[in-house]
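Under the UniProt record's numbering, the first residue of the sequence shown carries the number 1, and numbering increases by one thereafter.
The hints are simulated quantities; they were obtained by calculation from the structure and are not laboratory data.
Any given hint might turn out to be false.
Heads up, simulated DSSO-like pairs for lysine-lysine below, C-alpha to C-alpha not over 27 Å straight-line [what the hints assert, rightly or not]:
id, residue 1, residue 2
1, Lys216, Lys130
2, Lys216, Lys201
3, Lys201, Lys163
4, Lys130, Lys201
5, Lys216, Lys135
6, Lys216, Lys163
7, Lys135, Lys163
8, Lys163, Lys130
9, Lys201, Lys135
Only a predicted model underlies this, so the values are computations on that prediction, with no experimental measurement involved.
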Amino acid sequence: MKSTALRALRIHVPEVVQSGDTVTLSCEYDLEQVALYSIKWYWNDVEFYRFVPKESPPFRAFPMTHVNIDTSRSGPTEVTLKGVRRQLTGDYKCEVSADGPLFHTEIRVAHMIVADLPDGNPVMDIEPAKVELGKRMEARCYSSGSNPAANPNLVSEDGEEVKLYPLLIDTDEALGLQSSTSRIEMTALRSYFIGGIMTIKCEGTIYSIWHKYVEKLVRDDAPQLAPVLGGSTSHSHTDQVI
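Full structure from sequences and hints, please.
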């Protein structure tokens with residue numbers, strides 16, 4: 001006979017977090033007045049924490065590389081991990097069991113990505129240094145080492161003659177980090193200049209937790225590039241780059 005002692009089990013795991021963050025994973029459940037027998041947490045099917053109310057102490061943390069559990073913030077519904085590392089990207093499983101005699105058990109799984117973010121803003125280069133109307137120009141957007149790789153994107157005045165090259169990713173095997181570069185070619189048409197200035201933006205993103213950009217203002221009446229502007233909508237403040 002199927003037991004209804006355990007129902008409405010839900011797991012709450014953030015989709016993506018930054019390396020070094022403290023993260024709380026939780027499971028909500030309804031035991032319908034039956035006592036909790038145990039709750040167990042797994043990373044990629046390897047158990048790292050369990051809570052059994054009838055035992056003393058009721059919790060047990062299993063040694064695992066890169067896993068640092070804050071037992072003071074863990075218990076019958078949640079477990080808190082301190083200083084998570086990118087190696088902890090993976091599937092997290094919550095296994096809840098109601099007490100006897102039926103010991104009804106339910107499992108929920110969710111995936112979490114731990115990201116190493118780049119240092120600072122992306123970097124943009126424009127060639128040639130002297131941009132001439134009617135001539136071809138090239139812009140490159142570079143984002144430094146991260147894991148996963150950032151997605152650098154160049155945004156310029158719309159034009160049919162813009163050529164977008166495939167994204168280039170360079171991997172540092174020793175550090176496990178990836179740098180990425182995007183590149184466009186275009187003709188510097190007068191119609192691209194608003195008030196004598198064309199704006200090209202180099203922006204980098206990693207999921208929803210990191211978004212930074214730099215802009216360069218190219219003047220049609222001067223051979224030099226204007227100062228670079230920088231900004232951010234991630235963990236750090238807006239930057240000014242000269």
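Exercise. What are the numbers of the hints that this structure violates, sorted from low to high?
Worked result: Of the numbered hints given earlier, the structure breaks none, since each of them holds.
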